[in-house]
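Residue numbers (my numbering), protein chains in the order written: chain A, 1 to 129; chain B, 1 to 112.
It cannot be assumed that every hint is accurate.
Chain B is nowhere near these chain A residues, computed Cβ spacing over 10 Å in every case [to be verified]: (1) D9; (2) L16; (3) L21; (4) P22; (5) I36; (6) C45; (7) N55; (8) S81; (9) L112; (10) I114; (11) A125.
Pulled a few chain A residues facing chain B out of the computed Cβ check, cut under 10 Å [said to hold, decoys possible]: (12) Y47; (13) A56; (14) G58; (15) D96.
Since the hints were made in silico from the structure, they are not lab data. Just so we're clear, the structure is a prediction, and the values are computed from it rather than from any experiment. The beta carbon of each residue, even a glycine, is placed where N, CA and C say it ideally should be.
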Amino acid sequence: MMKSGVYKDRPRYLNLLKIKLPITGIVSITHRISGIMLILSIPFCAYLLEMSLHNAVGFNTVTQQLAQPLTKVILGIGLWSLAHHLFAGVRFLLFDIDVGVRKPSARMAAWLVIVFDVVALVAIAGWLL
Amino acid sequence: MSWRGGGVRTFVMQRLTAVYIAIFTIFFVVHMVSDAPVNYDQWRMWIATPLVNIAFLCFWLSIGIHGWIGARDVIMDYVGDTGTRFLALSLAGLFLVFMVLWLFKTLIMVGA
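From just these sequences and the hints, can you work out the full model?
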């Protein structure tokens, strides 16, 4: 946290519900949240990969496990996090080559990320169900 | 700007790993949707193919590097207390090293 005694009366919205982020801010913070979720998903990926490659019994256990409704929901959340992290990440990479840096195009690209998210959600749901 | 001190190396590594992860992810998803392995032998043989095996190893190494830079940025932004920050960074680093070594072991045992 930054320590500053200059602006003592500045608004400090520690109540998260009172913070109203612009669309660019939403894409930014959800990029971080999805990134953290993806890091936390690594042990599950490692476990599934190890078991599926161990022997035929392990492979069948993994495919059966992946067909369970609860696993499908978790997998769906993981895949959607991956999709969002990828789309928002491409937007940030384009910033590096000076594409979409100005405010109107930055906002439009952020909305485009949301559109891609919705498409990905429909695709993931269709694939899993 | 210095390559070692100014964070340029970190910046470049984050971007390079991002591009590799993106390309590999698309390759993996396309394979799983178009030509999903139906049994153990098919799955194992695909992962054991030298190029695929190397591509997987590079992917998890990139995940380790990219995940470390991301976790480091998030922890440094939100954890102010030096002791807590040190602990959080240590745990995140240990976790990622552990995960990458585990995945490497699995992939190398199949590929060897």
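Tested hints:
no., hint, in the structure
1, D9, "holds (22 Å)"
2, L16, "holds (13 Å)"
3, L21, "holds (16 Å)"
4, P22, "holds (19 Å)"
5, I36, "violated (7 Å)"
6, C45, "violated (8 Å)"
7, N55, "violated (7 Å)"
8, S81, "holds (12 Å)"
9, L112, "holds (16 Å)"
10, I114, "holds (19 Å)"
11, A125, "holds (14 Å)"
12, Y47, "holds (9 Å)"
13, A56, "holds (4 Å)"
14, G58, "holds (8 Å)"
15, D96, "holds (7 Å)"
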